[in-house]
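Asker: Protein sequence lines, in the order shown, are assigned to chains A and B. The numbering used here puts the first residue of the first sequence at 1, with every later residue one more than the last. The numbering used here puts the first residue of the second sequence at 1, with every later residue one more than the last.
To be clear, the hints were calculated from the coordinates, so they are not data collected in a lab. Predicted, not measured: the structure shown is a model, and the values here were computed from it. Note that CB positions come from ideal geometry on N, CA and C, so glycine has one too. Among the hints, erroneous ones may be present.
Here are the computed distance ranges between Cβ atoms for each label pair [to be verified]: (1) B:K311 <-> A:G21: 45 to 53 angstroms; (2) A:S38 <-> B:Q270: 44 to 52 angstroms; (3) A:L69 <-> B:Q117: 19 to 27 angstroms.
Far from chain A by the CB rule (all over 10 angstroms, computed), these chain B residues [as the list claims (entries may be wrong)]: (4) A84; (5) S122; (6) T165; (7) S206; (8) L278; (9) E282; (10) K329.
These stretches of chain B come out as covered by chain A in the derived footprint (C-beta under 8 angstroms, 3 or more residues) [unchecked claim]: (11) 102 to 110; (12) 235 to 246.
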Amino acid sequence: MRVLRVLLAVIAVCAAVAAIGVYVAGPAGVDLGTLWNSGSPGSLNLTQAVVQRYIHPAVWTEVLIPVLLMPAVGVFTTIAVLALLFWLLLMWRRSAK
Amino acid sequence: MWIKRKRSWEIPESNTTPEAIWQDRRRIIKAMGLGTAVMGLDIGTAHAGLLDGLFSSGAKGEQDAIIVPDVPWKGQFPAKRNDAFKLDRSLTPEALNATFNNFYEFGSHKTIWPEAQELKVSPWQITIDGMVSKKKIIDIDDLIRRMPVEERLYRHRCVEAWSMTVPWTGFPMSELVKFAEPTSGARYVRMETFMDPAVAPSQKQSWNPWPYIEGLTMEEANNELAFMVVGTYGHPSLKQHGAPLRLAVPWKYGFKSTKSIVRFTFTDQQPVSFWHSLQGNEYGFWANVNPKVPHPRWSQAEEKIIQTGMKVPTQLYNGYAEQVAYLYKNMNLPDTVLYR
């Protein structure tokens, strides 16, 4: 449980930093896919290939493309908030024991 | 004395896969323990899934993938085979060819044939513009009727280190160039694929520079091997093969052979191709086949023939050096530019 708490805290902090970084320095409204492609086109292409060839083509087209088309700031903020909420939940359960 | 000089790409009959092995290839390769992931990861990520395509597509029914579009120009088939372009290697069975395709507009996997059926190939218009005497917009069936249609047998070498042999039906690209009437300043032909994200799901990926663009120099476009394809295996092209009009330039890696073309633009500027703008150090403008110049992530020394599963040495310009080497003789370009 302790590992999970640490992991959630790290995810929350990283996602928050990423959201702030994109908001401050990135192009306004940039989507996640464009941001990823500008930083590492090879890894994005590889991810698509692995998902479509080894999991299922529809996972990419129906799930991941819509996510990658969302604004990067929104995605990172959502991840940060969710990670923070789960971390708080775990902390609350720990103190309730 | 008449001496038969063997062409560089001709291989001896002894290298032909026995039919019994071919018929039983799936069981044999599986028995050899060549698991999908192992093979893919061993050679390179873009190569991953080769055996996936071979095996899993079979389960769906390879014959189901041969859906010949009902198009007005079907009367042109079968065309007479031009015996100047033949191979000493078995043809890839159509059922296998129809179920193992790269068509990035529809995805990064090999079994894109069901998705590709969404493509509407008739009516289809071609635009010819740029440095030409007069811009032209022509229906594909009208264009085909004006062209000397014939069948040719070509090797096809993918950058992912697999190959197949295909009976293409089409016409020399030089005839298209002649029809376009480019002005003397034109140095390149830029080719553009259709753009319709409602049909092709990958085109929704805003981070990719759609539509798919490729280009050739005028010298390459006028080379005898550059071929505009409108059919395969004696009938109109299947949609997954890039119907209704695609390119075949067999001395280059497959991604140069643009599919489902809607526009030819003659220009004096070297086109920025789709893959070059994405990963130029891996998939460049020239992309000539050379076994001595590896892809940054895997070797190009050998290729896997998909109908046999066997690996054979890759040849310079995919075995077509006699026809095309002169095009690059005086180019002072690094190997990593000319052969990637």
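Asker: Could you work out which earlier hints the structure fails to respect and list their numbers in ascending sequence?
Answerer: 2, 7, 8, 9, 12
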